[in-house]
Amino acid sequence: MSLYIDKRGHGPIPLVLLHGWAMHGGVLQPLVDALADRCTMHVVDLPGHGYSRDCGLPLEPRACAAAIAAITPPAIWLGWSLGGLIALTAALEIPQQVRGLAMLCATPKFVRDASWPHGSDAVLVHQLASELETDYHVTLERFLALEAMGSADPRAELRHLRELVFARGEPDLRVLQEGIRILEDGDRRAALPDLGVPSTWIAGRRDRLVPPQAMAWSASQCGGDYHEIAQAGHAPFFGHVEALVQALQPLFERQPGRPAALSLRDE
6 MSLYIDKRGH GPIPLVLLHG WAMHGGVLQP LVDALADRCT MHVVDLPGHG
56 YSRDCGLPLE PRACAAAIAA ITPPAIWLGW SLGGLIALTA ALEIPQQVRG
106 LAMLCATPKF VRDASWPHGS DAVLVHQLAS ELETDYHVTL ERFLALEAMG
156 SADPRAELRH LRELVFARGE PDLRVLQEGI RILEDGDRRA ALPDLGVPST
206 WIAGRRDRLV PPQAMAWSAS QCGGDYHEIA QAGHAPFFGH VEALVQALQP
256 LFERQPGRPA ALSLRDE
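Every number in my numbering is 5 more than the matching position in the sequence shown, counting from 1.
Misleading hints may appear alongside valid ones.
Simulated restraints on C-beta separations [stated by the list, open to error]:
{"#": "1", "residue 1": "A221", "residue 2": "R179", "range": "28 to 38 Å"}
{"#": "2", "residue 1": "V143", "residue 2": "R179", "range": "17 to 27 Å"}
{"#": "3", "residue 1": "A150", "residue 2": "A172", "range": "17 to 27 Å"}
{"#": "4", "residue 1": "A235", "residue 2": "D140", "range": "30 to 40 Å"}
{"#": "5", "residue 1": "D158", "residue 2": "Q251", "range": "16 to 26 Å"}
If you're looking for bench data, these hints aren't it; they were derived computationally from the structure.
This structure is a prediction, so every number in the text was calculated from the model and none was measured.
Heads up, the beta-carbon is just placed ideally off N, CA and C, and yes, glycines get one too.
Please put together the full structure from these sequences, using the hints given.
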């Protein structure tokens, strides 16, 4: 079985979209709908997730980025949460395929330690890893609650995430465990000054998983643009899609061959 990529939209700007841990490309549907007139999107189900559950490819960022780049055109890569680490890896390792980078509630290092005060609690990540072994569904439920926490309407957002998480089938437990290890061990901070493509870093001010400070610092290290959506948590595409599109617009405007006048679509 091959990697599942859903091609959507009919606009002039090519865009690769990568979702976060335990989800699938369908979670990004509000953003896909908002960008349909200005982007041609390649919405990926990451290995082990959604319709790519049995594709057999690794989730490891270098291998995953290479597999996606092999079957998509040069494009802006937008990664949410764990997907951001894969998008960042692509921008660093295969820049000829990445015309721009959009990091959405994503960071080069997820876990907090003595050298990195802007990460998530390492104990929390260790607990998620151990709980996956004993109670898969309860662990996913807990993670969804963390994603919704801090949003303007956490109950509604959690309800929406619950409806979506298994909409394309259950993710592969082995790949979920691999994803936790990537979140625990991944660290691309030192490579940020070498990032050679335009980048935009978009944070939710109320995000409880990826602190906005982590993204502001990251943008400063690579000369990227930083945007903060005031009322958003970890999933700004729920309830804040217009602000998200506005934050992406400067990156779109820097793309070669883009029409001179591409106005924001009414949301």
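Next on the checklist: So, against the hints stated earlier in the document, which numbers end up violated here?
Outcome noted: Violated: none.
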